[in-house]
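Convert by adding 128 to the 1-based position in the sequence shown; the result is the number in my numbering.
Incorrect hints may appear among the rest.
Unchecked claim - PhoX-like cross-link-like pairs, simulated, lysine-lysine; straight-line CA separation at most 20 Å: (1) 518 x 541; (2) 538 x 525; (3) 550 x 518; (4) 439 x 416; (5) 550 x 439; (6) 503 x 352; (7) 550 x 531; (8) 350 x 531; (9) 135 x 167; (10) 470 x 550; (11) 525 x 541; (12) 531 x 518; (13) 550 x 503; (14) 470 x 417; (15) 550 x 534; (16) 152 x 134; (17) 439 x 417.
No lab work stands behind these hints, which were simulated from the structure alone. The structure displayed is predicted, hence computed values, not measured ones.
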Amino acid sequence: MFVRVKKVGNYQYLQIAENRREGKRVKQTIIATLGRLDKLTASGAIDQLLRSAARFAEHIMVLAQHASSAHDAPDAHVLSIGPALVFERLWRDTGCQAVVRKLLATRHYRFDVERAVFMTVLHRVMVSGSDRSALRWRRDQAIEGTAQLELQHLYRAMGWLGEALDECDPNGASPRRVKDLVEEALFARRRDLFTGLDLVFFDTTSLFFTGDGGQTLARYGKSKDRRNDCKQMVLGMVLDGDGIPVCSEMWPGNTTDVTTLDRVGERLQRRFGVRRVCLVADAGMCSKKMIAAVEARGWQYILGARLRQTKEVRDTVLSDGAAFETVEVTRQRRDPMELQVKEVTVDDPPCEAPGQGAHQPRRYVVCRNPVQARKDAATRAQLLATLQNKLRSEGPKSVVGNKGYKRYLKAEKEAFVVDLDKAREEERFDGLWVLRTNNTELTAVDVALRYKQLWMVEQVLRTAKSLLDTRPIFHKTDATICGHVFCSFLALVLRDELFRRMDNAGLRAEWADILRDLNALTETTMTCHGKTFAVRSNTVGVAGKIAQCIGVRLPDTVRQVDVGKGVSA
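Construct the entire structure; sequences and hints are all you get.
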């Protein structure tokens with residue numbers, strides 16, 4: 129039924145009509161004529177009629193009350209439902225929920241550990257922070273099964289994830305923990321559908337503590353955050369060839385990068401049954417000892433080489449006169465990147481190991497980015513000009529403490545002058561990077577492209593550090609620290625899965641916009657005529673499209689809820 133206006137002469141009449149199908153035709157029937165529209169409007173009869181009829185339309189009454197003053201009503205409660213709605217589905221689909229529950233099957237905790245882990249991971253995805261801040265954040269979120277969780281429950285859940293399964297190795301190898309079982313089970317689920325680990329990317333970063341940290345993890349070392357005054361731990365991340373996080377490794381803060389590569393290789397073999405793999409890592413992992421250890425395992429590698437520190441690279445590889453091959457590399461931006469590549473093979477025995485018999489030729493790939501080369505040259509020219517001005521106007525004391533200036537200074541006749549020879553020497557490194565590999569199956573261009581993919585793990589580590597923006601200062605044991613950091617790994621797994629589904633659906637959005645739009649999706653619980661209803665807000669931005677691409681059905685705009693259960697919280 130519907131209301132219609134019919135014009136008769138100079139007057140308009142308000143009628144209630146109904147459409148009914150008779151055979152193939154639709155016939156309109158007038159149920160009642162309410163009167164002249166001008167008289168009904170003047171007398172207020174229309175408003176009285178609608179108010180009277182609204183008593184029998186609960187949803188309309190609820191929406192009207194919600195639009196007027198529901199947010200200020202004492203019985204109204206607003207919760208954000210977007211984050212849990214989306215990431216709960218991803219938590220199940222990636223297997224995280226099933227794996228965690230299976231590992232907890234033989235444990236008899238008096239609280240839901242899986243819910244505590246999920247709430248911590250969801251908090252890490254949305255805003256990050258400590259476990260204490262996660263509890264405060266939960267008050268405004270609709271997360272099923274978390275209403276009874278307390279701070280001690282979150283600490284115990286972190287302790288379970290980081291619980292050691294064996295004794296610590298005195299040689300520095302980290303013990304197996306429960307979090308390793310989670311990583312291995314998640315990888316096994318994917319391995320049934322896809323191939324194994326043929327190509328892995330590996331990189332490390334450091335995470336500093338503002339407190340004492342754990343028993344063995346917190347150590348002083350070279351900080352990548354420039355916080356050498358704080359104890360730290362070293363976090364390593366392994367991604368497969370598709371950029372999916374495989375596992376995380378955690379070491380004491382005094383662990384050096386060059387010692388981590390072989391440890392990761394050994395752990396990958398033992399944990400995932402990998403027989404043959406190609407490791408991709410940056411120049412910080414490259415040393416003669418580590419390369420020998422990886423080759424002894426029969427593995428392939430693509431490693432960044434140190435341009436200035438390695439004599440063979442500096443004097444032999446970069447002096448090769450062969451021409452570069454120019455290729456265009458597609459990237460996320462619209463314009464492709466121009467890359468110049470050439471291969472250099474060194475057959476001579478290493479100068480530091482003469483007379484040791486047979487040796488394998490060493491394969492290098494030299495890469496040059498012309499755009500970066502011009503940028504490096506311009507930056508150096510500007511630095512030299514500034515250095516010259518400072519020496520002339522302020523004297524050497526103003527520049528000797530600056531590392532950037534210091535490298536272009538030399539002492540001459542009891543004075544400091546600009547070292548132009550050093551500047552000319554640096555020109556040969558503009559826009560260059562050199563790779564060392566024992567992979568003979570890939571062309572030089574393919575080797576360069578594989579190494580360029582290392583940006584994925586670097587981006588993941590940057591994201592992990594932002595997810596760890598609040599350091600685990602409230603944790604005092606290695607187990608709870610490892611569990612806290614591992615929740616960031618699980619957050620990365622969910623984030624990666626979301627972006628993959630968005631990519632398959634052709635949906636593009638900035639991460640900050642995604643978080644804001646999901647958090648803006650709310651439900652308000654309110655009471656109307658003795659019944660409790662939940663009113664969902666309209667979707668804003670990309671929230672609706674994200675729910676659609678991951679297969680989540682949004683709740684009805686208005687729904688009646690059980691007073692005992694209420695909205696999931």
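Now for the hints, and whether the structure bears them out:
no. : hint      : verdict
1   : 518 x 541 : holds, 19 Å
2   : 538 x 525 : holds, 13 Å
3   : 550 x 518 : holds, 18 Å
4   : 439 x 416 : holds, 13 Å
5   : 550 x 439 : holds, 17 Å
6   : 503 x 352 : violated, 24 Å
7   : 550 x 531 : holds, 14 Å
8   : 350 x 531 : holds, 17 Å
9   : 135 x 167 : holds, 14 Å
10  : 470 x 550 : violated, 26 Å
11  : 525 x 541 : holds, 16 Å
12  : 531 x 518 : holds, 15 Å
13  : 550 x 503 : holds, 18 Å
14  : 470 x 417 : violated, 26 Å
15  : 550 x 534 : holds, 11 Å
16  : 152 x 134 : violated, 25 Å
17  : 439 x 417 : holds, 16 Å
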